[in-house]
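Asks: Quick note, the sequences are listed as chains R and P, same order.
Taken in order, the first sequence gives residues 15 to 339; the numbers are from the numbering used here.
Taken in order, the second sequence gives residues 4 to 477; the numbers are from the numbering used here.
Since the hints were made in silico from the structure, they are not lab data.
Be aware that one or more of the hints could be misleading.
Once the Cα atoms are required to be at most 27 Å apart in a straight line, the calculated BS3-like pairs of lysine-lysine come out as [as the list claims (entries may be wrong)]: (1) Lys6/P <-> Lys128/P; (2) Lys153/R <-> Lys133/R; (3) Lys133/R <-> Lys216/P; (4) Lys128/P <-> Lys216/P; (5) Lys133/R <-> Lys40/P; (6) Lys354/P <-> Lys181/P.
Which chain P residues stay away from chain R? Per the calculated CB distances, all over 12 Å, these [to be verified]: (7) Ala43; (8) Ala79; (9) Leu121; (10) Gln244; (11) Val347.
Predicted model only: the values in this text are computed from it and were never measured.
Each residue gets a CB set at the ideal place from its N, CA and C atoms; glycine is no exception.
Listed below are the residues making up each chain.
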Amino acid sequence: MLSSTADHLYWMARSLERAENTARMLDVTLRMSLLKQVLLEPHHEWRAMLSISGLHEDFEARYDVPSAENVLHFMALDLQNPGSIYNSIYKARENARAVRGTITSEMWEALNATWLQMKQIQADGIDEDGISKFFEWVKERAHLSRGIAHGTMLRDDTFRFIRLGNFLERADNTARILDVKYHILLPSPKDIGGAADYYQWSAVLRSVSSFESYRKIYRDQITPKRVSELLILRQDMARSLISCVNEVQRLLHELDGPNSAALLARCDALHARMHATNINDIFEQGLHEYLSEFLEEIYQLGDLINTSYFWSTDEHPSLSQTQTA
Amino acid sequence: MKKAYDEMYAPDGAVREHYKRYASWLQKMPNEVITRKRKAADVAFHRAGITFAVYGEANSKERLIPFDIVPRIIPALEWQRMEQGLRQRVRALNAFLHDIYHDQEIIKAGRIPAQQILGNSQFRKEMVGVDVPEGIYAHIAGVDLVRADHGTTEGEYYVLEDNLRTPSGVSYMLENRKMMMRLFPDLFTRQQVAPVEHYPDLLLNSMRSVAPKGVTEPNVVVLTPGQYNSAYFEHTFLAQQMGVDLVDGNDLFVRNETVYMRTTEGPRRVDVIYRRIDDDFLDPQVFNKDSMLGVPGLFSAYRAGNVTLANAVGTGIADDKAIYVHVPEMIRFYCGEEPILSNVPTWELSKADDCKYVLEHLAELVVKEVHGSGGYGMLVGPTSSKQEIEDFRAKILAEPSNYIAQPTLALSTCPTYVDSGVAPRHIDLRPYVLSGKEITMVPGGLTRVALKEGSLVVNSSQGGGTKDTWVLEN
Numbered sequence: 015m016l017s018s019t020a021d022h023l024y025w026m027a028r029s030l031e032r033a034e035n036t037a038r039m040l041d042v043t044l045r046m047s048l049l050k051q052v053l054l055e056p057h058h059e060w061r062a063m064l065s066i067s068g069l070h071e072d073f074e075a076r077y078d079v080p081s082a083e084n085v086l087h088f089m090a091l092d093l094q095n096p097g098s099i100y101n102s103i104y105k106a107r108e109n110a111r112a113v114r115g116t117i118t119s120e121m122w123e124a125l126n127a128t129w130l131q132m133k134q135i136q137a138d139g140i141d142e143d144g145i146s147k148f149f150e151w152v153k154e155r156a157h158l159s160r161g162i163a164h165g166t167m168l169r170d171d172t173f174r175f176i177r178l179g180n181f182l183e184r185a186d187n188t189a190r191i192l193d194v195k196y197h198i199l200l201p202s203p204k205d206i207g208g209a210a211d212y213y214q215w216s217a218v219l220r221s222v223s224s225f226e227s228y229r230k231i232y233r234d235q236i237t238p239k240r241v242s243e244l245l246i247l248r249q250d251m252a253r254s255l256i257s258c259v260n261e262v263q264r265l266l267h268e269l270d271g272p273n274s275a276a277l278l279a280r281c282d283a284l285h286a287r288m289h290a291t292n293i294n295d296i297f298e299q300g301l302h303e304y305l306s307e308f309l310e311e312i313y314q315l316g317d318l319i320n321t322s323y324f325w326s327t328d329e330h331p332s333l334s335q336t337q338t339a
Numbered sequence: 004m005k006k007a008y009d010e011m012y013a014p015d016g017a018v019r020e021h022y023k024r025y026a027s028w029l030q031k032m033p034n035e036v037i038t039r040k041r042k043a044a045d046v047a048f049h050r051a052g053i054t055f056a057v058y059g060e061a062n063s064k065e066r067l068i069p070f071d072i073v074p075r076i077i078p079a080l081e082w083q084r085m086e087q088g089l090r091q092r093v094r095a096l097n098a099f100l101h102d103i104y105h106d107q108e109i110i111k112a113g114r115i116p117a118q119q120i121l122g123n124s125q126f127r128k129e130m131v132g133v134d135v136p137e138g139i140y141a142h143i144a145g146v147d148l149v150r151a152d153h154g155t156t157e158g159e160y161y162v163l164e165d166n167l168r169t170p171s172g173v174s175y176m177l178e179n180r181k182m183m184m185r186l187f188p189d190l191f192t193r194q195q196v197a198p199v200e201h202y203p204d205l206l207l208n209s210m211r212s213v214a215p216k217g218v219t220e221p222n223v224v225v226l227t228p229g230q231y232n233s234a235y236f237e238h239t240f241l242a243q244q245m246g247v248d249l250v251d252g253n254d255l256f257v258r259n260e261t262v263y264m265r266t267t268e269g270p271r272r273v274d275v276i277y278r279r280i281d282d283d284f285l286d287p288q289v290f291n292k293d294s295m296l297g298v299p300g301l302f303s304a305y306r307a308g309n310v311t312l313a314n315a316v317g318t319g320i321a322d323d324k325a326i327y328v329h330v331p332e333m334i335r336f337y338c339g340e341e342p343i344l345s346n347v348p349t350w351e352l353s354k355a356d357d358c359k360y361v362l363e364h365l366a367e368l369v370v371k372e373v374h375g376s377g378g379y380g381m382l383v384g385p386t387s388s389k390q391e392i393e394d395f396r397a398k399i400l401a402e403p404s405n406y407i408a409q410p411t412l413a414l415s416t417c418p419t420y421v422d423s424g425v426a427p428r429h430i431d432l433r434p435y436v437l438s439g440k441e442i443t444m445v446p447g448g449l450t451r452v453a454l455k456e457g458s459l460v461v462n463s464s465q466g467g468g469t470k471d472t473w474v475l476e477n
């Protein structure tokens, strides 16, 4: 497959997954902000949300206070924020447009329709009542696109690069959502186990559609350790870090390009480490530290995927052979 | 002005024979149904993103080309003659291109003045002596035909221009048919309409037949300037329909006079490039130095015969307006036959007699700059003011040989849905002629329609629309 085609497919999927997870992250933050906590400074959770996404500088340059209204607008509809849901959907659609001949027409039409609706929503604006509906809409459109990919596409490298984008972005985003909790909760031991704590953890679970799963698996009260275990190490959870890494590893082995040795080695190592660890080790190291390391690994994998498959210079290891042949 | 030739109605108002079945169907069709179907077509085109972009607007405008649901119908016999004429014309044009980049027999024979060819900016010196597979230069030709009453002839077809560089529009021909079959499936059971859906197969076969020597399984690609090009939809469409890769300049590179594309499996050799980039932008090492669209070294690989470009470099000399007048002579010279299709009568202002006549009749004529295109440097006498005509006269007098002139033809009309109902609008026709080891084409082509009342401009950038084109089989 053309490197640029693979690149577009991968970013199409990543951008859409990002749009979905941004909606999920905003949703959890909104839920948390509704739980009044006198101890916290105003807008604390919205500030946290911005810093996790790495977008606080851009926000501060153009907005006043990080109020719910401002941050929601910035993260959902802002045309100038490259990480807004609006722009993620735009990127997904532009990448799809570049490879519309490679994806199925259903896939393209769904993404194109999503973009056309997004433009309309942006133009109309979203009021307070509409925000939850909007998050639902974003999730539904992402579900739809993934469903179409599953239901219509040939299981070839096209499909694999799309899936690779899905799972790599999801691994990154789930880790960030889990990290929201760290940024929001003041490290005050007396809060732990309190009512606010319970609601915050359950908001995290709900935001990644895992509240029901938690109940099924643990049949017990919600504790930070179990939520973390569920979202990091449970292989049967659709959005957990380990199941994302499992998928990424499987896909990379199936793709196995002539220039992917370093990539595979790094991914295999991460995969092995995750399978060898348990939640107590992770808590001993510190959840935030563990997640930061994980995000760095995902970043490095993304970088290696670039050099292995989307090489953009005319230097390629196999070129010397081509020349002598 | 006399009423233009109408495709559907004879001058006495009777429906022409080949339109009778369609007309009786249309008559029975309630207006609400038509309105609903027209809306459905718009929605479907929009959803499918069958749009054209406007240059320089990255994010904003993607427009639909208006699609009209009344087809343009051509009887079988009429098409047969047209097809013969097109084959003959394209054969001659390819022979001409091979000749002028090799022995230049037509110049030696004194049939075309040397100056008009060698002094023409469209003549590519770089191509002299370069051999191309099968001697084919214009692999894809989009020949614009118009129909008009002129002099004593009624409804005669004329070739308006031969587009031999990167003619576009064929995707609309295919999408229009698909849309008509989707909207009005019953119409196609009422009469036999010649299919056009196999065009991409013919195109791929044609491309494969001109692969470099020794290549048995050629890797064919479509080269696009990128997704902000106005015809980008068509580029993706054709690549997808042929099942080949769509590439831009960044996907390709040249090593040892061989073209490769970057793939996830490493470099892969490219054998045939259906390029939709103009000559000037193909290779910054040889042509426009500032081109970001092309591939450095591409021309060296081409000269070495390691890659085929379709169309070839340098075809612009054969569809230049100064050369147009000589096409009938080319047909006689290379094919030894009389031309089947007529040229529009043309005055060459480089000739003193012609120039004198034209200057006396500016108000009636269309005057065109020889290398101009897209309506630039053009005077349409009947719709111009006295001042505009006088200004143009001054330009002509400064360099007469830079101009040709033609009578203002009243292009034929076809009934078309407009805001006020169904009304006649002017149309043209662009059939696509494919040349490889042999010449192939699908019946019909793209019919463009000028949606503004009285307008003769069918270009999509200026409010033109399109129609499905039916060639009847019987």
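Asks: Each hint should be assessed against the structure and marked as holding or not.
Replies: The hints, checked one at a time:
1. Taking the CA atoms of Lys6/P and Lys128/P, the gap is near 47 Å; set against the 27 Å cutoff, the hint is violated.
2. For a cut-off of 27 Å, the pair hint linking Lys153/R to Lys133/R stands: about 17 Å separates their Cα positions.
3. Simply put, Lys133/R and Lys216/P have alpha-carbon atoms about 51 Å apart, too far for the 27 Å limit, and the pair is violated.
4. With a C-alpha separation of about 24 Å, the suggested pairing of Lys128/P with Lys216/P holds against the 27 Å cut-off.
5. The suggested pairing of Lys133/R with Lys40/P holds, with an alpha-carbon distance near 26 Å, which does not exceed 27 Å.
6. Restraint check for Lys354/P and Lys181/P: the C-alpha separation of about 48 Å exceeds 27 Å, so the hint is violated.
7. At roughly 15 Å, the least C-beta separation between Ala43/P and chain R is larger than 12 Å, which holds for a residue marked as non-interface.
8. At roughly 33 Å, the least C-beta separation between Ala79/P and chain R is larger than 12 Å, which holds for a residue marked as non-interface.
9. No Cβ of chain R approaches the Cβ of Leu121/P within 12 Å, the least distance being about 37 Å, so the stated non-interface status holds.
10. The Cβ of Gln244/P does not lie farther than 12 Å from every Cβ of chain R; its closest approach is about 8 Å, which violates its non-interface assignment.
11. With a least CB separation of 38 Å from chain R, Val347/P remains clear of the 12 Å interface cut-off, as annotated.
This entry does not satisfy hints 1, 3, 6 and 10, going by the numbered hints stated previously.
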